[in-house]
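Trainee: Sequences listed follow chains A and B, in order. 424 is the number of the first residue of the first sequence in the numbering used here; add one for each residue after it. 24 is the number of the first residue of the second sequence in the numbering used here; add one for each residue after it.
Source of the hints: derived by calculation from the structure; they are not laboratory data. One should not assume that every hint holds.
[As the list claims (entries may be wrong)] With a cut-off of at most 30 Å between alpha-carbon atoms, the simulated DSSO-like pairs for lysine-lysine come out as follows: (1) K529(A) with K563(A); (2) K514(A) with K192(B); (3) K434(A) with K464(A); (4) K213(B) with K433(A); (5) K213(B) with K506(A); (6) K504(A) with K453(A); (7) K545(A) with K154(B); (8) K512(A) with K176(B); (9) K532(A) with K453(A); (10) K512(A) with K115(B); (11) K167(B) with K514(A); (12) K464(A) with K506(A); (13) K434(A) with K576(A); (14) K52(B) with K433(A); (15) K434(A) with K116(B); (16) K433(A) with K43(B); (17) K545(A) with K464(A); (18) K433(A) with K576(A); (19) K576(A) with K512(A); (20) K167(B) with K154(B); (21) K512(A) with K167(B); (22) K540(A) with K438(A); (23) K563(A) with K116(B); (24) K154(B) with K512(A); (25) K167(B) with K62(B); (26) K213(B) with K514(A); (27) K438(A) with K453(A).
Each chain, letter by letter, is given below.
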Amino acid sequence: MNCLIILVMKKLMRKIFTDLNQAVELENRKRLKKGTLIIPKSEIIIYGQMSLMLNESVATFLNLIQTADMDAQLRMDYFTKNKLLELLKTKGLVYDDDSHLVWIPKDAKTIDLFQFKNIEVKLIDAESALVSKAIHAPQKNKQLIRQAIASGKFPALVDRIIENNGNLEYFLEGDIE
Amino acid sequence: MEILNIFLRATLNKIAIIEKINKLAQQDKQRRQDPRYLKIMGFLVAKGFLHTNLKIPLNPNAHINLEDAVWAGRFVEPRVIEVLPAAYERFKKHFSGDAATIEKLEQIIDCIQQQDNHEIDFYGMSIDKIKPWFFIRLRDGRSKSLDNRKVSKSFRFKPETVDILKSLKDQTGKSETEILESLVAETGMKL
């Protein structure tokens with residue numbers, strides 16, 4: 424695996440969220456001067472492939488390929504969301520507006536990624552991200568799930584797929600040329 | 024006893040499935056070494072359509088055979104299928120292939136350009152999944168996305184209008200297109 428890419432991706436995301444934090448800070452100063460309500464602290468939970476790519480503990484042994492989209496749960500106001508979309512676009516990334524449709528297992532945990540004054544960025548834990556993919560996007564992630572199971576690094580993955588009514592046998596279907 | 028039997032059967036079944044998955048994971052690993060996969064990935068990653076943590080030789084100047092790219096998308100990484108129409112649209116000179124695949128790609132491009140919501144897919148990938156990648160900013164920063172690309176349009180002006188335009192160009196240092204675009208934008212604002 425290319426660990427440098429993981430660091431580059433993390434650096435890119437750090438830059439985006441640092442700039443976002445800065446933009447909110449400037450806007451809040453303006454609002455304070457005007458005496459209007461300031462923007463509350465925002466929370467972002469990154470899902471999907473991006474969460475795996477930013478998670479160094481798994482990105483070193485799973486082959487990860489991702490498009491330029493970011494699935495995430497955003498708890499932020501209109502100003503912050505617009506600014507985030509703009510910042511992502513300048514870096515060739517896109518926020519997936521269907522992120523609210525992403526199914527996340529109930530027992531999913533979050534991992535802190537970045538903490539700023541105005542923005543808190545978290546990742547969904549890797550195993551839950553894989554369970555989510557196995558249940559709701561198995562076609563796109565067939566090889567990734569097989570690799571994750573074969574790695575033996577996610578001892579509860581198979582059980583969690585079964586518990587959440589996933590079709591484990593789907594991953595047995597070889598792709599015949 | 025009956026419950027114990029059910030439990031044992033389920034456990035054995037699970038173990039058998041995991042063993043089979045392990046074997047298939049080995050086959051997947053071999054496919055990831057296939058030159059067809061490495062070539063299209065080297066191109067798509069170099070251009071910025073895909074990101075990966077794999078050590079793949081980047082090849083932004085590669086010439087891609089569409090059948091090979093489709094193979095990689097169908098049997099190794101479905102995200103190749105997702106971004107292939109956008110990559111083809113932006114870098115047509117880098118691709119060659121059979122008439123059927125090209126026709127399919129052109130249909131998708133037309134559909135997106137005309138903002139047609141026609142039900143169409145590319146090897147099972149819906150147009151909704153394919154569309155966003157026509158509008159992203161790429162790594163080279165040079166190739167324009169579909170929404171930023173200039174459209175060629177010709178007009179016939181009076182000679183004095185052309186003279187004024189040239190003189191405005193000399194005075195402002197802007198191109199004739201920039202001058203006309205700003206005048207149109209200004210008028211648009213007033214309306």
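Trainee: So, for every hint listed, does it hold in this structure?
Mentor: Hints, one by one, checked against the model:
no. : hint                 : result
1   : K529(A) with K563(A) : holds, 22 Å
2   : K514(A) with K192(B) : violated, 33 Å
3   : K434(A) with K464(A) : holds, 22 Å
4   : K213(B) with K433(A) : violated, 45 Å
5   : K213(B) with K506(A) : holds, 28 Å
6   : K504(A) with K453(A) : holds, 18 Å
7   : K545(A) with K154(B) : holds, 28 Å
8   : K512(A) with K176(B) : holds, 28 Å
9   : K532(A) with K453(A) : violated, 36 Å
10  : K512(A) with K115(B) : holds, 24 Å
11  : K167(B) with K514(A) : holds, 14 Å
12  : K464(A) with K506(A) : holds, 14 Å
13  : K434(A) with K576(A) : holds, 26 Å
14  : K52(B) with K433(A)  : holds, 26 Å
15  : K434(A) with K116(B) : violated, 33 Å
16  : K433(A) with K43(B)  : violated, 35 Å
17  : K545(A) with K464(A) : holds, 14 Å
18  : K433(A) with K576(A) : holds, 22 Å
19  : K576(A) with K512(A) : violated, 34 Å
20  : K167(B) with K154(B) : holds, 15 Å
21  : K512(A) with K167(B) : holds, 13 Å
22  : K540(A) with K438(A) : holds, 15 Å
23  : K563(A) with K116(B) : holds, 28 Å
24  : K154(B) with K512(A) : holds, 15 Å
25  : K167(B) with K62(B)  : holds, 23 Å
26  : K213(B) with K514(A) : violated, 33 Å
27  : K438(A) with K453(A) : holds, 23 Å
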